[in-house]
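Chemist: Now for the letters of each chain:
There are 2 protein chains.
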Amino acid sequence: MTPDPLVASLRQAAQAVPGSKIGQIFEYGRDKPGLIPMWFGESDVPTPDFIKRAAEDALAQGLTKYSDKRGVTPLRDALSEYLSGLYGVTIGEDRIRAAASGMSAIMIALQMLVEPGKNVVFITPLWPNASAATRILGGEVREVQLDVNQHHEHVLDLDKLFAAFDDNTVALFVASPSNPTGWTLREPKMRAILEECRRRGIWVIADEVYARLCYDRHVAPSFLEIADPEDRVIAINSFSKTWCMTGWRLGWAVVPASIGRVFEKVTEFNTSGATTFVQWAGVAAVKGGEPFLEEQKRICQANRDRIQARLGQLPRVRLAKAPASFYAWFSVEGEPDSMALAKRLVDEAGVGLAPGAAFGAGGEGHLRLCFASAPETVERALDRLIPALR
Amino acid sequence: MTPDPLVASLRQAAQAVPGSKIGQIFEYGRDKPGLIPMWFGESDVPTPDFIKRAAEDALAQGLTKYSDKRGVTPLRDALSEYLSGLYGVTIGEDRIRAAASGMSAIMIALQMLVEPGKNVVFITPLWPNASAATRILGGEVREVQLDVNQHHEHVLDLDKLFAAFDDNTVALFVASPSNPTGWTLREPKMRAILEECRRRGIWVIADEVYARLCYDRHVAPSFLEIADPEDRVIAINSFSKTWCMTGWRLGWAVVPASIGRVFEKVTEFNTSGATTFVQWAGVAAVKGGEPFLEEQKRICQANRDRIQARLGQLPRVRLAKAPASFYAWFSVEGEPDSMALAKRLVDEAGVGLAPGAAFGAGGEGHLRLCFASAPETVERALDRLIPALR
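Line order of the protein sequences matches chains A and B. Take any residue in the first sequence, note its place counting from 1, add 8, and you have its number in this note's numbering. Take any residue in the second sequence, note its place counting from 1, add 8, and you have its number in this note's numbering.
Don't read these hints as lab results, they were simulated from the structure. Among the hints, a few may not be true.
All copies of an identical chain are treated as equivalent in the list; a pair is satisfied when it fits inside any one copy or across any two copies.
[Said to hold, decoys possible] No farther apart than 25 Å at their CA atoms in a straight line, the calculated lysine to any residue pairs in the SDA-like style are these:
#, residue 1, residue 2
1, K329, G70
2, K126, L301
3, K329, D102
4, K295, Y95
5, K73, P41
6, K73, D39
7, K73, E303
8, K40, G96
9, K305, G96
10, K329, P13
11, K126, V149
12, K40, K197
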């Protein structure tokens, strides 16, 4: 196929940026009547009313003008109080920067670090966006695949990870709890990673978006708990998953105070900041969101356990109970092609799952099922999936 | 001063990205009691109620989930109809891409084109963000300064412009009507630019954010009127200035359909799109915004004329009537240092203006005054400025 001449005139890195395979399966199945969509990383629960009301109140008060590029002060203050309480360490508002999504915060962090000749190490399987952003910026993507033990659980081999670092490594990107696997870094390995990154001068970009969807703890372990304020750690978070606010486009980063000014400047030249009245809705979510979150977590945990009990007992299915996240991540014996399997499940079961091939090294041969849905929906999906996966 | 070691560990291009001089004067004067702020490019009129209501309706309908990364279909359709009507040429929805601000659309366009070794040509004086974004991406910034005639009007010398192009020039960035000068490209020169860029394979990134604030026409001339759909033209626009929606963070790009898919992918990895319910407010603005816009334009035109009549008659002030935009751009004889003058005006007049040094080559020695305010506010500001500028 001759490439389109206009596409060919764009940067090679932009032309080559991979399209999302989740998008591909969505396009394949979107028009199928009655399909149960579990392909996106998104709860089917609407944003709670108290958060919507906060946005409406802000609109009524005329908070429709440009905001502080760091994020409005009440949001930085609310996040400072929330995070300090969550982790038992002081996270000052001078370390908090709002962004027009967690994705935007990641892009900004990468722009501060990545250029041609530099590389970023990613622990995979991993949602594809951060490595795609690295590629757009001309950086090299290095993938270090989690091992899988006999219980189908994921295990990080630190030697393998550290062997991927070299003098051109500017950052380690680690999503813990992980999307898609739910793998969660525990404190001893987290400390070892921090030590090695300190020693080598490598930044840690910690994607902690699923920190609150951790089933055996109140919150997943965070680099913010163990790092010094001036360690080379950028912790990324988002309102999307925790408070069912995917469409609101609001995220934040915790950065060392010393680089806060650079982060703010780069924000200015990326998006010029997040929607002003959405930031006020964010204040409401942070301050009043705990009961809602607890309820969502309870539902998700029951869904997870139900999936484990029903799908996990199928002889061909290999599935571990995820300690965190709202995903089931499983492989099916004799089904090496995840896109083919995902398409078959659209056709035969009327259920939309994400193909593992979307998630980098170690992803192929797996499927990701988002169970942030009503329990009845999950049961209905299981009723359809089980005959097709026997 | 020893640079902070963490800042020093960031990319040189990120460290060096210039802070906004508008931000600097804002920080200098923000706490002065009674100051009249005219430094930002923002109307003091709140977003009209019919637009706010559309956002509230969308929230009530639960439109709080991820949206199509191209922008929701009703927004692309509404913009297609709006632009096709405005310019008398068909601009299909397949050419329209929403973004989380005009700035974000510019960053995405630049990421498709700019990498180290490449350069972008900018016609200056110019608001600083697009050149800063180019620098962040490792590209070279080339400035071609507008000439000024004896009436203090800006004139583009095409020979000078074309001489700045070389084989590494990937794009010309042209803001017409210009922020800060109001300079507006007319059709003959626009055609000549398009021809030269066609000949050399250079993309035109046309910032047309002020297109509707054009006082001698219904809309400023646009590259969209004269270009073929598959010309290398990316037209950037925003809801911010036209419909008083600066804090909403919604913009769009018109691109050749053939690169629409790349733009969508790069959007995914920058912000993953604009706030969903804000896009529905955008639909309302586009469909029902004309009466509001006409009224704003009438007020701005009267403000412009009043400023010309009062400020323009001061012997030291050099000011031309801007054909478009909501800015007065002027120099003051004997005042070469725009930041010093801007600070003096904060101190002595209690009026906040943007220093011309913020706007690249040809900016120093000037001030930018945003007159998108109530006429009384403008009169009050003039009453204070005139004694200080005599």
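Chemist: Would you list, in rising numerical order, the hints stated earlier that this structure does not obey?
Modeler: 1, 2, 3, 8, 10, 12
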